[in-house]
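Visitor: Sequence:
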Amino acid sequence: MDHLLLNGKKFYYEEIANYSFRNSIPLNGYEVTTLEFCHNWLKGVQEITINTSGSTGAPKLITLTRKQMEASARYTLQALNLQENDRALVCLNTEYIGGMMMLVRGLIGNLHLTIIEPIGNPLKYLPPNEPENFAFGSFVPLQLSTILTESPEKKTLLDNMKGILVGGAPISADLFKQIQAIKAPVYHTYGMTETASHVALKKLNGNQPNKYFRAAPQVHLGQDQRGCLTIQGAITNNELITTNDLVNLILGHEFEWLGRIDNTINSGGVKIQAEKVEVILAQVLVEQQIDRKSFITALPDEKLGQRVIAMLEGEKLNPEQEALLSAELKKRLDKYENPKEIRYTATFSTTASGKIDKSATVARIL
Numbered sequence: 001m002d003h004l005l006l007n008g009k010k011f012y013y014e015e016i017a018n019y020s021f022r023n024s025i026p027l028n029g030y031e032v033t034t035l036e037f038c039h040n041w042l043k044g045v046q047e048i049t050i051n052t053s054g055s056t057g058a059p060k061l062i063t064l065t066r067k068q069m070e071a072s073a074r075y076t077l078q079a080l081n082l083q084e085n086d087r088a089l090v091c092l093n094t095e096y097i098g099g100m101m102m103l104v105r106g107l108i109g110n111l112h113l114t115i116i117e118p119i120g121n122p123l124k125y126l127p128p129n130e131p132e133n134f135a136f137g138s139f140v141p142l143q144l145s146t147i148l149t150e151s152p153e154k155k156t157l158l159d160n161m162k163g164i165l166v167g168g169a170p171i172s173a174d175l176f177k178q179i180q181a182i183k184a185p186v187y188h189t190y191g192m193t194e195t196a197s198h199v200a201l202k203k204l205n206g207n208q209p210n211k212y213f214r215a216a217p218q219v220h221l222g223q224d225q226r227g228c229l230t231i232q233g234a235i236t237n238n239e240l241i242t243t244n245d246l247v248n249l250i251l252g253h254e255f256e257w258l259g260r261i262d263n264t265i266n267s268g269g270v271k272i273q274a275e276k277v278e279v280i281l282a283q284v285l286v287e288q289q290i291d292r293k294s295f296i297t298a299l300p301d302e303k304l305g306q307r308v309i310a311m312l313e314g315e316k317l318n319p320e321q322e323a324l325l326s327a328e329l330k331k332r333l334d335k336y337e338n339p340k341e342i343r344y345t346a347t348f349s350t351t352a353s354g355k356i357d358k359s360a361t362v363a364r365i366l
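By my numbering, the letter at position 311 of the sequence shown is numbered 311, and the numbering carries on one by one without gaps.
Don't take each hint at face value.
[To be verified] Restraint ranges, calculated between C-beta atoms of paired labels, are given here:
1) S326 <-> N248: 26 to 36 Å
2) G206 <-> Y19: 37 to 47 Å
3) T149 <-> R332: 38 to 48 Å
4) K335 <-> N110: 52 to 62 Å
What the hints contain is simulated information worked out from the structure, not anything from laboratory work. We treat Cβ as the ideally placed atom computed from N, Cα and C, and that holds for glycine.
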């Protein structure tokens, strides 16, 4: 490949490598940042400094090696059977690992790259002359949900892909249901900045969806004394990375993700995994046709130590809706898992990468 498309503008790799951009093409800040990364990669940079997303703590700068990123890119190319000249849509923020690795996959695999700035519906404003025959795309759940809801006519574009990645946040019950109608295989990703994007995939649709996340054979998985996942391989620069993710490890290369250990709530001496309750809450909201973002958290309680709280974005539900929601949750959850109250806030706080910032959101209601 000799060029890429960025916001509908064609840039040749030779001019990117040499910083010889044509003066006739004005650049905005996002385009400059994206081209800067591509320039450094084409010139053979051996280390990349990048911010973590901040979804599980304060963002921090870490350094990844070129070998790590190449190993990660080759894993994805092989897993999705991507070939030279396949077209890839890059609509994740290239300042973070998800979007950055889309660029690396394209450069390593000689893919046609179409790069657009990250927005809620990345297919809505595709350049008019851009062929819609992408083989590969990666989205956050909000983007995929928005495409399927707002632009159902674009579903054919998704259907014709070899593979679709969705990650960076949990898959809601509503989105999971929508994904079943997509003909192309859709994979939920597990990974982090420190692992140069995902280390495991979980197929969500088709005749044979996966029950568990499956890691690349060359990645060694383990558990620490807490039951949290450990990862080691070329993707980690052969260093042992210990996560805060509680898992059930299955046959060495598969695992069931249970949730983050720091999302474990201790209520009355009973340990409750917030993510488990969040799944049930989201399912009930969908079934009752309540279109709200939600999450589970805990507040201090003199008697229980911590009490489980359901957080909903938007206006307070009417008394009948709230009563029906609470009644259904009581049917499906254990006594200590069941939220002791429902709280509301106009909007959830988010991190720089667009993920819900639970701590900041809860701090506003205290």
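Visitor: Next, verify each hint and record whether it holds.
Guide: A quick look at each hint next to the structure:
1. S326 <-> N248: 26 to 36 Å: With Cβ atoms ~30 Å apart, the hint holds.
2. G206 <-> Y19: 37 to 47 Å: Because 45 Å falls inside the window, the suggested range holds.
3. T149 <-> R332: 38 to 48 Å: violated, 26 Å
4. K335 <-> N110: 52 to 62 Å: holds, 57 Å
Checked against the numbered hints above, the structure breaks only hint 3 and satisfies the rest.
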